[in-house]
Amino acid sequence: MLGVGEAPLSVADVYWSVCDVPSAGGIALFAGVVRDEDEGRAVTGLGYSAHPSVEVCLHEVVEKAIHRYPIQAVSAVHRVGDLKIGDIAVIVAVACRRRGDAFDACRQIIDQIKDTVPVWKHQRFADGTAEWVGSEG
Amino acid sequence: MASVTIRYWAAAREAAGVAEESLDALTLSGALDMARRHRAGDPRFAAVLARSSFLVDGTQVGAGAAATVILPQGAVIEVLPAFAGG
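Protein chains in written order, with our numbering: chain X, 1 to 137; chain H, 1 to 86.
Source of the hints: derived by calculation from the structure; they are not laboratory data.
Among these hints, one or two may not hold up.
[As the list claims (entries may be wrong)] Here are a few chain H residues that face chain X, going by a calculated C-beta distance under 8 angstroms:
(1) Ala11
(2) Asp33
(3) Gly62
(4) Leu80
[Claimed, not checked] Estimated spans, in silico, between C-beta atoms of each pair:
(5) H:Gly64 x X:Ser53: 17 to 23 angstroms
(6) H:Ser3 x X:Ala12: 49 to 55 angstroms
(7) X:Val33 x H:Asp57: 36 to 42 angstroms
(8) H:Arg37 x X:Ala7: 39 to 45 angstroms
(9) H:Arg36 x X:Arg99: 49 to 55 angstroms
(10) H:Ala46 x X:Ser53: 20 to 26 angstroms
[Stated by the list, open to error] Stretch by stretch, here's where chain H covers chain X in the computed footprint (C-beta under 8 angstroms, at least three residues):
(11) 19-28
(12) 128-136
The model shown is predicted, which means the values in this text are computed figures rather than measured ones.
Cβ coordinates follow ideal geometry from the N, Cα and C atoms, glycine included.
Can you make the complete structure from the sequences, with help from the hints?
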């Protein structure tokens with residue numbers, strides 16, 4: 001599974017998408033979740049939006065990981081739209097023969113999603129204010 | 001000079017106050033300078049631009065090339081604020 005959409009994300013669906021590889025001995029799965037505070041301020045929700053090139057960029061991130069690590073199955077999905085506290089924003093799952101590669105590849109993919117995939121986060125605070133995370137320095 | 005369109009995304013759209021604008025410019029940095037001047041040096045707009053990346057007709061332009069890349073007639077510049085996925 002590779003994609004970006006508005007539907008709620010399911011850890012079970014992503015897990016099942018990478019688990020049917022008999023020679024894989026380790027599956028690393030990361031879920032990024034909406035947190036209730038940011039730098040001491042109470043957060044009430046997040047609005048995620050993305051550039052039309054987002055899925056192309058997501059594919060590039062996954063391809064880089066495939067070139068670097070012996071990945072046997074991989075999924076990466078990101079949600080956009082309005083999310084509430086506790087909602088899952090992103091899931092990455094990697095299956096490899098051994099856990100070390102699975103952890104390392106999963107880490108590279110989520111780190112590069114944050115750095116290079118054109119997704120934006122509009123954070124709403126309990127005091128009624130809001131900000132675009134990371135956009136204004 | 002080329003007539004070009006600047007398309008603003010996310011925080012850039014909010015800071016710019018518009019989703020798109022048209023202006024005449026020779027280079028990417030010339031177009032961005034003009035956009036800043038239109039807003040009388042608004043510090044918030046400038047701060048967002050300083051942390052943005054730019055596409056010209058869909059292709060990323062590195063910060064070092066912004067002053068030298070000549071804009072084609074009808075070019076679309078896209079302003080992509082710093083990413084914050086995950």
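Hint check, failures only: When the structure is compared with the hints, numbers 2, 3, 11 turn out to be violated.
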